[in-house]
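Chain order of the listed sequences is D and V. For any residue, its number in this note's numbering is found by taking its place in the first sequence, counting from 1, and adding 5. For any residue, its number in this note's numbering is found by taking its place in the second sequence, counting from 1, and adding 4.
These aren't lab readings, by the way, just hints derived from the structure by calculation. One should not assume that every hint holds.
[What the hints assert, rightly or not] Only pairs whose alpha carbons sit at most 20 Å apart, straight line, appear in this in silico EDC-like list of lysine to aspartate or glutamate:
1) D/Lys74 x V/Glu268
2) D/Lys74 x D/Glu36
3) V/Lys7 x V/Glu98
4) D/Lys38 x D/Glu129
5) V/Lys261 x V/Asp251
6) D/Lys20 x D/Asp46
7) V/Lys48 x V/Asp83
8) D/Lys20 x V/Asp133
9) D/Lys20 x V/Asp126
10) D/Lys49 x V/Asp253
11) D/Lys122 x D/Glu70
12) D/Lys49 x D/Glu98
13) V/Lys261 x V/Asp83
14) D/Lys49 x V/Asp83
15) D/Lys49 x D/Glu67
16) D/Lys38 x D/Glu127
17) V/Lys228 x V/Asp43
18) V/Lys320 x V/Asp278
19) D/Lys49 x V/Asp251
20) D/Lys20 x V/Asp251
21) V/Lys228 x V/Asp391
[Said to hold, decoys possible] Calculated from the model, a selection of chain D residues having no Cβ within reach of chain V, i.e. all distances over 12 Å:
22) Gly45
23) Asp46
24) Phe69
25) Ala72
26) Asp118
27) Lys122
28) Leu123
Backbone N, C-alpha and C define an ideal beta-carbon position, used for all residues, glycine too.
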Amino acid sequence: MTTEAGQEVHPHYPKPAINVETQPFWDGAAEGKLLLKRCGDCDKTHYYPRNICPHCFSANTEWFETAGKGRIYSFSVMRRAPVPYVIAFVTLEEGPSMMTNIVDCDFDAVAIDQEVKLTFREAEGGIALPVFTPV
Amino acid sequence: MGKPGRAFIAGAYEHPTRHAVDTSVAQLHAESAIGALADAGLTKDDVDGYFCAGDAPGLGGLSMIEYMGLDVRYMDSTDSGGSAYIVHLGHAVEAIAAGKCSVALITLGGRPKGAGKAPLPDYGNDTPDIGFETPYNQNIVNNYAMAAMRHRHEYGTTSEQLAWIKVAASHHAQHNEHAVLQNVVTVEDVVNSPMIADPLHRLDCCVVSDGGGALVVVSPEIAKTLGDRCVKIMGQGEASKTTNRGDIDLTYTGAVKSAPIAFEEAGLTPADIDMVTIYDSFTITVLISLEDLGFCEKGQGGKFVSDGNLISGVGKLPFNTDGGGLCNNHPSNRGSMTKVIEAVRQVRGEAHPKVQVPNCRFALAHGTGGLISTRIGSATAILGRNDA
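Whole structure, please, built from the sequences with the hints as guidance.
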């Protein structure tokens, strides 16, 4: 969405709740990366990221960088908002699905199974927020 | 696995207010308790077990126990959002069967309208999941809308089909003098109402209201002394459903687990159920619940709810005969308490004559609490007439 002056208008992105366990995810985002966790024992990936693997309870989990590509699993265009926006679940190439926003596109053309790629928005407090845009 | 009739609902009361301008949350709880105890023919001194969820002010149940001047030997403050009161119902049965209490009071009260509060609480930085959701402007409507969008994608469910759920609720609400919305609406009214979050229109959403409700659950021995208005608790089941470590599937809810438990305990099947009350935060919540509860095949919910099939006196499965959350009320943004209360009215034969299901022997009450696309608690209860 743009104003008449051609300047893009974004919704306000609330500041994420961050704690000691999730800080690396946001540090990665600040470097333009979408980080996920994989378990060194059962080799499975999960989302949202946790130090303890929710598949096997192992503490042997490690961060890795995703390719930043996926498909829309489901979405909704939030029409009744000061600035409309698209909320979605995107299924990443690495397996897990994550809640996100779809940006920089015609909202009426957003569709399930659409291919999307990683980009970023700035949330409150200057936090880099991973979002997606159609390929 | 339990069996039917280990406890009975002796009292049920729905607070008549819909906009509590000058009534506190604690007072709403207490007024609801007074109503339910009077309905049961008991006093507060008979209460030895107290159950509440997060809408009760204070630490667990302690503040409300103190406010009401209770003295109990059993407490449970399990919170699973709007489904909590059907969870409490099952927990009360177990506590009574175990001899931990014999008169259990469950209360709900809230004034989201009077207080003008946003319905999503601030869970704080230590909550592990929420940081990955709130920055994306998740709210209750768009969270449920994503489930509706996926259902439409997989099964072709239409806005018109969803609208039939609201139409049915409105047909019932016209007979409820307390309902927030008492006008009968059409499918066209629903699909032509403003789009809030695709594909959910304004009339796909429940109302925001203040209010409260309470239940009194008693042992079989006490029920015998109180007469045949006591409603037999046939069975109850509860379940969690989450984002499943990122393996998202929005086409079903925890009802796929809670319902079979309740039916097995009751020794019944969906074909035995005369009417249902289903927490209707949105039309899609009802549609997916009906499928998960076993009233139709997965994906056939749209067809099942169409053409008035949920309207009392018209369709095969009357639902939410008080108008439900879609039309009647939604105290504290939590819907399962009022679902149990209307199911109690039905099996007692005390619903409004225009919506009373003839010879209603078994009613099913179901709640979905939390956010359907992320994490929810589901709870199902099957109630039977006193002689069932």
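- Query: Between lysine 38 of chain D and glutamate 129 of chain D, is the straight-line Cα distance small enough, at 20 Å or below?
  - Reply: holds, 19 Å
- Item | Whether glycine 45 of chain D stays farther than 12 Å from all C-beta atoms of chain V, as the label says | At roughly 16 Å from the nearest Cβ of chain V, glycine 45 of chain D sits farther out than 12 Å, so the non-interface label holds.
- Item | 20 Å Cα cutoff - pair lysine 122 of chain D, glutamate 70 of chain D | Within the cut-off at roughly 14 Å; holds.
- Message: With the threshold set at 20 Å, check whether the alpha-carbon distance from lysine 228 of chain V to aspartate 43 of chain V stays at or below it.
- Response: holds, 15 Å
- Item | Proposed proximity, glutamate 98 of chain V with lysine 7 of chain V (alpha carbon, max 20 Å) | holds, 11 Å
- Can the restraint linking lysine 48 of chain V and aspartate 83 of chain V be considered satisfied, given a maximum Cα separation of 20 Å? violated, 23 Å
- Task: Test the statement that aspartate 118 of chain D is away from the interface with chain V: the closest C-beta pair must be farther apart than 12 Å.
- Result: violated, 8 Å
- Message: The output says aspartate 46 of chain D does not contact chain V. Does that hold with a beta carbon cutoff of 12 Å?
- Response: holds, 15 Å
- Holds or violated: lysine 20 of chain D with aspartate 46 of chain D, Cα cutoff 20 Å? violated, 33 Å
- Item | Straight-line alpha-carbon gap lysine 228 of chain V to aspartate 391 of chain V, limit 20 Å | Answer holds: lysine 228 of chain V to aspartate 391 of chain V is near 11 Å, not above 20 Å.
- Message: Need the status of pair lysine 49 of chain D, glutamate 98 of chain D: alpha-carbon distance at most 20 Å?
- Response: holds, 13 Å
- Is it correct that the beta-carbon of phenylalanine 69 of chain D has no partner in chain V closer than or equal to 12 Å? holds, 14 Å
Consistency note: the structure conflicts with the earlier hints numbered 1, 6, 7, 14, 20 and 26.
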